[in-house]
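**Student:** Residue numbers (numbering that gives the first Met the number 0), protein chains in the order written: chain A, 0 to 560; chain B, 0 to 134; chain C, 0 to 321.
FYI, nobody ran anything at the bench for these hints, they're computed from the structure. Backbone N, C-alpha and C fix where the C-beta goes; we use that ideal spot for every residue, glycine too. There could be a bad hint or two in this list.
[Stated by the list, open to error] Derived CB-CB ranges, DEER-like: (1) T90(C) / E476(A): 36 to 44 angstroms; (2) K277(C) / V473(A): 12 to 20 angstroms; (3) T90(C) / V3(A): 33 to 41 angstroms.
[Claimed, not checked] Straight-line distance between alpha carbons at most 30 angstroms, and here's what the computed DSSO-like set of lysine-lysine pairs gives: (4) K229(C) / K441(A); (5) K130(B) / K73(C); (6) K522(A) / K229(C); (7) K126(B) / K102(B); (8) K38(C) / K80(B); (9) K80(B) / K108(C); (10) K130(B) / K2(C); (11) K535(A) / K501(A); (12) K522(A) / K73(C); (13) K454(A) / K109(B); (14) K510(A) / K148(A); (15) K5(C) / K130(B); (16) K35(A) / K109(B).
Read off the chains here:
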Amino acid sequence: MAKVFNDSVFKDIDEAKRKWEAKLERIFQEAPERLKRFITVSDREINRIYTPLDVKELDYNRDLGFPGEYPYTRGVQPSMYRGRLWTMRMFAGLGTAKDTNRRFHLLVNAGQTGLSVAFDMPTLMGYDSDSPRSRGEIGRCGVAIDTVKDMEELFEGLPVDRLTTSMTINPPASVIWAMYIAAAENRGIPRKLLGGTIQNDMLKEFIAQKTFMLPPIPSVKLIIDTVEFGTKQVPKWNTISISGYHIREAGSTAVQELAFTLADGIAYTQAAIERGLDVDDFAPRFSFFFNSHIDFFEEIAKFRAARRMWAKIMRERFKAKNPRSWWLRFHTQTAGCSLTAQQPYNNIVRTTLEALAAVLGGTQSLHTNSLDEVLALPTEEAATIALRTQQIIAEESGVANTIDPLGGSYFVEALTNKMEEEAFEIIQKIDDMGGMLAAIEKHYPQQEIADSAYKYQLQLDSGERTLVGVNKYVMEEEIPVEILEIDEELERIQIEKLWRIKEERDQGKVKECLEKVGEACFKDENVMEHLIEAVKNYCTLQELCDVYRSVYGTYRDPGIF
Amino acid sequence: MSQRRIRVMVAKPGLDGHDRGARVIARAFRDAGFEVVYTGLHQTPEEIVEAAIQEDVDMIGLSSLAGAHRFLFPRVMELLKERGVEDIVVCGGGIIPDDDIPKLKAMGVKEIFTPGTPLHKIVEWVKENVKPREA
Amino acid sequence: MSKAHKEIIQKVLEGDTRTVARLIRDIDDNIPGIRQVLKELYPYTGNAYVVGITGAPGVGKSTLVDQMILHLRKRGRTVGVLAVDPTSPFTGGAILGDRVRMQRHSMDKGVFIRSMATRGQFGGITQATRSAIDVLDATGKDYILVETVGVGQDEVDIVKTAHTTIVVVIPGMGDDIQAIKAGILEVGDIFVINKADREGADRTLMDLRMMLEMETDRTQRDDWKPPILKVQAVFDIGVSELLDTIEEHRQYLLRKYGDVKLRSNPARVKESLIQMLKDRLFESFLGKITKSGELDDTVLRISKGEIDPYSACDNLLKEHVV
Numbered sequence: 000m001a002k003v004f005n006d007s008v009f010k011d012i013d014e015a016k017r018k019w020e021a022k023l024e025r026i027f028q029e030a031p032e033r034l035k036r037f038i039t040v041s042d043r044e045i046n047r048i049y050t051p052l053d054v055k056e057l058d059y060n061r062d063l064g065f066p067g068e069y070p071y072t073r074g075v076q077p078s079m080y081r082g083r084l085w086t087m088r089m090f091a092g093l094g095t096a097k098d099t100n101r102r103f104h105l106l107v108n109a110g111q112t113g114l115s116v117a118f119d120m121p122t123l124m125g126y127d128s129d130s131p132r133s134r135g136e137i138g139r140c141g142v143a144i145d146t147v148k149d150m151e152e153l154f155e156g157l158p159v160d161r162l163t164t165s166m167t168i169n170p171p172a173s174v175i176w177a178m179y180i181a182a183a184e185n186r187g188i189p190r191k192l193l194g195g196t197i198q199n200d201m202l203k204e205f206i207a208q209k210t211f212m213l214p215p216i217p218s219v220k221l222i223i224d225t226v227e228f229g230t231k232q233v234p235k236w237n238t239i240s241i242s243g244y245h246i247r248e249a250g251s252t253a254v255q256e257l258a259f260t261l262a263d264g265i266a267y268t269q270a271a272i273e274r275g276l277d278v279d280d281f282a283p284r285f286s287f288f289f290n291s292h293i294d295f296f297e298e299i300a301k302f303r304a305a306r307r308m309w310a311k312i313m314r315e316r317f318k319a320k321n322p323r324s325w326w327l328r329f330h331t332q333t334a335g336c337s338l339t340a341q342q343p344y345n346n347i348v349r350t351t352l353e354a355l356a357a358v359l360g361g362t363q364s365l366h367t368n369s370l371d372e373v374l375a376l377p378t379e380e381a382a383t384i385a386l387r388t389q390q391i392i393a394e395e396s397g398v399a400n401t402i403d404p405l406g407g408s409y410f411v412e413a414l415t416n417k418m419e420e421e422a423f424e425i426i427q428k429i430d431d432m433g434g435m436l437a438a439i440e441k442h443y444p445q446q447e448i449a450d451s452a453y454k455y456q457l458q459l460d461s462g463e464r465t466l467v468g469v470n471k472y473v474m475e476e477e478i479p480v481e482i483l484e485i486d487e488e489l490e491r492i493q494i495e496k497l498w499r500i501k502e503e504r505d506q507g508k509v510k511e512c513l514e515k516v517g518e519a520c521f522k523d524e525n526v527m528e529h530l531i532e533a534v535k536n537y538c539t540l541q542e543l544c545d546v547y548r549s550v551y552g553t554y555r556d557p558g559i560f
Numbered sequence: 000m001s002q003r004r005i006r007v008m009v010a011k012p013g014l015d016g017h018d019r020g021a022r023v024i025a026r027a028f029r030d031a032g033f034e035v036v037y038t039g040l041h042q043t044p045e046e047i048v049e050a051a052i053q054e055d056v057d058m059i060g061l062s063s064l065a066g067a068h069r070f071l072f073p074r075v076m077e078l079l080k081e082r083g084v085e086d087i088v089v090c091g092g093g094i095i096p097d098d099d100i101p102k103l104k105a106m107g108v109k110e111i112f113t114p115g116t117p118l119h120k121i122v123e124w125v126k127e128n129v130k131p132r133e134a
Numbered sequence: 000m001s002k003a004h005k006e007i008i009q010k011v012l013e014g015d016t017r018t019v020a021r022l023i024r025d026i027d028d029n030i031p032g033i034r035q036v037l038k039e040l041y042p043y044t045g046n047a048y049v050v051g052i053t054g055a056p057g058v059g060k061s062t063l064v065d066q067m068i069l070h071l072r073k074r075g076r077t078v079g080v081l082a083v084d085p086t087s088p089f090t091g092g093a094i095l096g097d098r099v100r101m102q103r104h105s106m107d108k109g110v111f112i113r114s115m116a117t118r119g120q121f122g123g124i125t126q127a128t129r130s131a132i133d134v135l136d137a138t139g140k141d142y143i144l145v146e147t148v149g150v151g152q153d154e155v156d157i158v159k160t161a162h163t164t165i166v167v168v169i170p171g172m173g174d175d176i177q178a179i180k181a182g183i184l185e186v187g188d189i190f191v192i193n194k195a196d197r198e199g200a201d202r203t204l205m206d207l208r209m210m211l212e213m214e215t216d217r218t219q220r221d222d223w224k225p226p227i228l229k230v231q232a233v234f235d236i237g238v239s240e241l242l243d244t245i246e247e248h249r250q251y252l253l254r255k256y257g258d259v260k261l262r263s264n265p266a267r268v269k270e271s272l273i274q275m276l277k278d279r280l281f282e283s284f285l286g287k288i289t290k291s292g293e294l295d296d297t298v299l300r301i302s303k304g305e306i307d308p309y310s311a312c313d314n315l316l317k318e319h320v321v
């Protein structure tokens, strides 16, 4: 027991508070408070002041503890940033593999400490560059990957045995991961040395990001295939990055982001257990991915609540014994939806605040958005500024000198408690519906998000919410910003390259490999080894995804408003 | 008794799945009294135009957030011309750099709504610029 | 008949998409002169088989319709689809989102899909919907599927418009079915339990069966025993069987009435005609008293307490009717 406040102090504080509030009432008679409602970006009302009265029951050991110890509120690793700074991992991808490789080298030379790959829409959706559906979309929002050859070019000259790579890929994650492993093995790097993450989180696709290909149940099956394979063969790899980022970008509140993400985590844990895996074998390799939005303290509280909640869920609900299973390790990206197209240089400031919140929230790795991302893919200059933002926070601001500096703040602790409480309520609701898969079928999270998004927009339009440069401090004449241009030629280059590979490869072997994958799907076996074999023989991304589609069917948008 | 209601289509061409804006706008249009046909995600320009004709809409709103507007929007305009239904007003929104806007307008896209445009402004624009067909 | 009308008729019979779509719009918007066109088209109608699909929101009607289209096309049939969604009573607008689930058929020349809003009419089926069915009928569509809002008592309307009415439920609706509506039990020619892989499917089946058996009203009227089918639309399980069952019902109607044209069933014709008269009479009456200002005056007088609503009604009717 380590109750922070002695019950005896509350009476006096309460008295003093009442006197102060009385004074305020008189002041507000003359001139009212600055705003009608003081709200966060999630429409949560915040009190004027927080005192020990708001955290009466706070118990240091039970609720906070020390970093690296249950319930991990103050951080998952014992030494946090004193031992090692967060990984500076800038999401990047554009044009062809060669173009992106160049950007990777630039960022690594500028000091980033981890790689992160953004793929183009066709790749994300499981189409090759020569598909008619890919026209106009090749290389436009990320890198185009059709075969293992592209993967090799992507990582040319980069030490993938020493740097970890994160790949934001969902429906075709199993195939892309197979290509990554194959490319590394082709270079002589054994799979057990490979460290990194594949996002591989389909539940949030159905809820928010909407890159979907197969229906929910086979999607989860393929995910558990990768979890199983990773547990046995690629032990340093995080096979899922359970994501809240996209849920937030789609318009949810902070608590919804927190609840839906952890509920997804619960669903994956359950599925893996049903597969016959031991929770302590795979849970240590589950990682998370959160948004860091513009309301500073709400985000910090959210991160801390997340850690405490997941620790409780893993230890109490799933009875995990390995402490590493209780760790919620997460990557953060600053909120894309908070950036404005008007006066884009302001975005540097927004990103800085959001990055700071993530650091004060104890993130393990961080991507900072570039100022021009509301307009196009980032230029080199803009991406460099974004990276420097992290470096200045790390090296100059001093916030990384001590672990969880805001721990103990009445406001932050009260908010952390509240968010945990509300998020658990939502998780209970989802449990009552039969779990996340059932909730998705009932359209519950989708509807909640659509409602929050609409509410937010109405508040913005009515002026109840301010967005600098958009509905306040608007400038008639905007300062122009240089935008990145994607070369139109690259479509032709990529398609020709693909055709050449298709011509030169062993067609017989290709057919054989595709059949093997199809068979494994039918028999409900793990597909990973077959995939690696297939991609080494130059089966393309779409060819493999088409096998999936033919076995499992395609998922279509149900249309929720 | 016989006053035409405005029928609009909100469409997501291409592979891009970011539909927060499209859904919010669809709701705003409904709240403004329009009938809104939503096509769903991952539509080809051909599917959009065919649906627009079957539904006899007065306007098509195209939403693009993954950079493919340069190909997809002109393709829609081309198809509308081919099918003889150029009277359908086309507008767009999403992540579209300012520099691309004049080119799209030259092709017949009537307006591009950049991020940050308040919903009521878009609704007003529709009421001003989109007239249901004469009887 | 004017030249313009002649052209429209010709194009409709050819199945010209744009003309058909515009005509349905004109019907929806009640454009003057439209009745003339409908009169000219009428002789060409009566060949399509109309199937109504109704049920509460979320039971999977659109997904079911989508699969039905697939199967009908495989059987070589052409299909017209009317998807009806509710108009918001507050704003007059509507989000017509059913098409989303059927979009894969949009490029199929043998399929025509049209979304319609209820526009404030209760009953899910409006005169506009009925006329739209006639138009699609005239274009030569073999089957016309009408998916309705399914908001309770209002489902009953579909019966007057379709040959076969399908009521869709999902497992676990047991208590709801009880509470719901004798209406549904009256109305359904075929009952479909969708998402039949869910828990409680068998229970729902038993509940439904029991309730249908107690529907003595119906069994006296009709000797068609509504079958209950288990379906999983999303996985395309049971859909082919559903179509076979619809065919069985069609054969039954043929035996009973000798002809499957909707209009050969006097009971249906009566309902339809009464509805049309109701609409026309009321429209014209309301138009008159609105124009003359009598409506507003009367409302004012009632609110001021100068007259009671019953007498007010009598007065208005005496003035304008008989």
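**Student:** Work down the list of hints and note, for each, if the structure agrees.
**Tutor:** Hints and how they fare:
1. T90(C) / E476(A): 36 to 44 angstroms: Taking Cβ atoms as reference, T90(C) and E476(A) lie about 37 angstroms apart, which means the hint holds.
2. K277(C) / V473(A): 12 to 20 angstroms: 55 angstroms, violated
3. T90(C) / V3(A): 33 to 41 angstroms: 52 angstroms Cβ-Cβ, so the 33 to 41 angstroms window is violated.
4. K229(C) / K441(A): 19 angstroms, holds
5. K130(B) / K73(C): Distance ~40 angstroms between K130(B) and K73(C) Cα, so the pair is violated.
6. K522(A) / K229(C): Measuring from Cα to Cα gives roughly 26 angstroms; hence the hint holds.
7. K126(B) / K102(B): 24 angstroms, holds
8. K38(C) / K80(B): 33 angstroms, violated
9. K80(B) / K108(C): Given pair K80(B), K108(C) holds - Cα atoms ~19 angstroms apart, limit 30 angstroms.
10. K130(B) / K2(C): Roughly 26 angstroms between the alpha carbons, so the hint for K130(B) and K2(C) holds.
11. K535(A) / K501(A): 13 angstroms, holds
12. K522(A) / K73(C): Judged against 30 angstroms, a Cα distance of about 29 angstroms means the pair holds.
13. K454(A) / K109(B): 28 angstroms, holds
14. K510(A) / K148(A): Answer holds: K510(A) to K148(A) is near 19 angstroms, not above 30 angstroms.
15. K5(C) / K130(B): Holds - the C-alpha atoms of K130(B) and K5(C) are around 26 angstroms apart, at most 30 angstroms.
16. K35(A) / K109(B): At roughly 39 angstroms apart (the allowed maximum being 30 angstroms), K109(B) and K35(A) break the hint.
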